[in-house]
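Undergrad: With the hints as your guide, set chains F and C onto chain P.
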Amino acid sequence: MSYKRHQLWLRFMQNFFGSKWFSYPLLFRARIALYRKSFNMGDSSVIENNVWIYCTHGNQGCISMGQRVLLARNVQIDYTGEVEIEDDVWFSEGASVHSHQHTVTRDRLSRGAATLKTTKVVFRAGCWIGSRAIILPQVNEIGEGAIVAAGAVVTKNVPAFSIVAGNPAKIIRMIDDRHQDSSEV
Amino acid sequence: MSYKRHQLWLRFMQNFFGSKWFSYPLLFRARIALYRKSFNMGDSSVIENNVWIYCTHGNQGCISMGQRVLLARNVQIDYTGEVEIEDDVWFSEGASVHSHQHTVTRDRLSRGAATLKTTKVVFRAGCWIGSRAIILPQVNEIGEGAIVAAGAVVTKNVPAFSIVAGNPAKIIRMIDDRHQDSSEV
Amino acid sequence: MSYKRHQLWLRFMQNFFGSKWFSYPLLFRARIALYRKSFNMGDSSVIENNVWIYCTHGNQGCISMGQRVLLARNVQIDYTGEVEIEDDVWFSEGASVHSHQHTVTRDRLSRGAATLKTTKVVFRAGCWIGSRAIILPQVNEIGEGAIVAAGAVVTKNVPAFSIVAGNPAKIIRMIDDRHQDSSEV
Numbered sequence: 001m002s003y004k005r006h007q008l009w010l011r012f013m014q015n016f017f018g019s020k021w022f023s024y025p026l027l028f029r030a031r032i033a034l035y036r037k038s039f040n041m042g043d044s045s046v047i048e049n050n051v052w053i054y055c056t057h058g059n060q061g062c063i064s065m066g067q068r069v070l071l072a073r074n075v076q077i078d079y080t081g082e083v084e085i086e087d088d089v090w091f092s093e094g095a096s097v098h099s100h101q102h103t104v105t106r107d108r109l110s111r112g113a114a115t116l117k118t119t120k121v122v123f124r125a126g127c128w129i130g131s132r133a134i135i136l137p138q139v140n141e142i143g144e145g146a147i148v149a150a151g152a153v154v155t156k157n158v159p160a161f162s163i164v165a166g167n168p169a170k171i172i173r174m175i176d177d178r179h180q181d182s183s184e185v
Numbered sequence: 001m002s003y004k005r006h007q008l009w010l011r012f013m014q015n016f017f018g019s020k021w022f023s024y025p026l027l028f029r030a031r032i033a034l035y036r037k038s039f040n041m042g043d044s045s046v047i048e049n050n051v052w053i054y055c056t057h058g059n060q061g062c063i064s065m066g067q068r069v070l071l072a073r074n075v076q077i078d079y080t081g082e083v084e085i086e087d088d089v090w091f092s093e094g095a096s097v098h099s100h101q102h103t104v105t106r107d108r109l110s111r112g113a114a115t116l117k118t119t120k121v122v123f124r125a126g127c128w129i130g131s132r133a134i135i136l137p138q139v140n141e142i143g144e145g146a147i148v149a150a151g152a153v154v155t156k157n158v159p160a161f162s163i164v165a166g167n168p169a170k171i172i173r174m175i176d177d178r179h180q181d182s183s184e185v
Numbered sequence: 001m002s003y004k005r006h007q008l009w010l011r012f013m014q015n016f017f018g019s020k021w022f023s024y025p026l027l028f029r030a031r032i033a034l035y036r037k038s039f040n041m042g043d044s045s046v047i048e049n050n051v052w053i054y055c056t057h058g059n060q061g062c063i064s065m066g067q068r069v070l071l072a073r074n075v076q077i078d079y080t081g082e083v084e085i086e087d088d089v090w091f092s093e094g095a096s097v098h099s100h101q102h103t104v105t106r107d108r109l110s111r112g113a114a115t116l117k118t119t120k121v122v123f124r125a126g127c128w129i130g131s132r133a134i135i136l137p138q139v140n141e142i143g144e145g146a147i148v149a150a151g152a153v154v155t156k157n158v159p160a161f162s163i164v165a166g167n168p169a170k171i172i173r174m175i176d177d178r179h180q181d182s183s184e185v
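Residue numbers (my numbering), protein chains in the order written: chain P, 1 to 185; chain F, 1 to 185; chain C, 1 to 185.
A couple of the hints might just be wrong.
One copy or any two copies: either way a pair holds, since identical chains are not told apart in the list.
[What the hints assert, rightly or not] Capping the alpha-carbon separation at 30 Å, the derived lysine-lysine pairs in BS3-like fashion look like this: (1) K37 - K170; (2) K120 - K37; (3) K117 - K20.
Worth flagging that the hints you see were computed from the coordinates, not collected in a lab. Source: prediction; values computed, not measured.
Chain P with its partners taken away, still in its complex shape:
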């Protein structure tokens, strides 16, 4: 299948099987099977409705996902660049990931496709991206077991086992071995 036809298929598949109507018991399984096959996902993943995984600007990006990944409803993942998601990563409702940016100058308007710059981002095992958080393209790694709080706008790498929050996101504390309550949803 050509690149263009493949993109049309992915768009159709997500429009149709990503709809709310495929959130019922049997249909839900069909959705997950199709997403898994289309996007190189491991076993036991969960994909809620209206998840949108896409690449743009005609670029041929790259995405891979491990096992037991959760993509909650309204999650958006741009793999125009490269996105790698390890095992047990959770994306809460409405989180979004970006993997491309554009060169900006005063004469931006006269630019062509050459100004596209793709990036790579890795989500290490067990990290958790909160509701409506935004992962910007200059981020290259979200560390193992890290938590990105709901509504955070992440502009740089997140260390393993840290909790980041705010806009722009900053480390608010580290996760230790004691029990703690998450406020990140």
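TA: Frame of chain P, contents of chains F and C only:
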């Protein structure tokens, strides 16, 4: 009706009657009547399209709403815990409320259902939640007549007649008796 | 066509042609043609799915858009007041614009329609509004070539060729003639 069947009905009802197509004069009334009955709402409420009221993790949460409540489009309310909304509360477009969290430790991935922790949040009479604001689960009360600005991420209780904004949300001023312009939508 | 009928038509048009199903080659053109005609847009504009352009409170607002304007998916523009968008302005996914507010006092609940206050906002040529940014009603101008970062909540005017970010948005740097990477998507 069993808990599970009831959840399926609520999902169906919201998918179907919550759609944009039920925003036309007569159909709009049908939507409101069904939401009101399903979610224990008072009179004269307004429910726009794509409102999503849900509980998760198999929990049997609790929600009640007073009179003249506005739920604008894309509002999301998680009542896995307990949500109480008094009279004349407005939720602007895209606001979201969370009432459960999870215990977080380094071994999060080995956790079971026991780590779910539900919370209770009360929206006092006349408070107003701005567009795309996020109310996190550690919040227990939004005070009477308070205003949460658009895009705010609320991490603690909001006093009566205060205006909070930002991520995380902080009090920016109090509402007094003089006329003021809201910038909160 | 009366005001009310016109509003019903606009709502229908956007529900139907704004859907994801009109994102395929030929249908995409039909969507763009209808939006352009309905909302006074210039040539060569691009309108992705689920764009919502509306006025509320029964007000008869005003909107005009220049050429080569991009409205990415989920963009929301409230023209209850007045919205002017010049040439080459880009709105990334999920950006929202507000042009009305309400007078706020302690007795808000007893207010009538008189408390509506409309505003005017101008987007100067070549400015770029990042993903999920919120432009609040007290903003009157986004300057020429300015960039509003993803997730920013803009509460005041943005100078030409500046980059603003955060909640509330602040200037983080100016755009100069050297090549720079945007982190704003």
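Undergrad: None of the hints should be skipped; say for each whether it holds.
TA: Checked hints:
1. K37 - K170: Answer is neither; intra-copy 36 Å and inter-copy 43 Å both fail.
2. K120 - K37: within (22 Å within a copy, 40 Å between copies)
3. K117 - K20: between (34 Å within a copy, 27 Å between copies)
When held up to the earlier numbered hints, the structure conflicts with hint 1 and nothing else.
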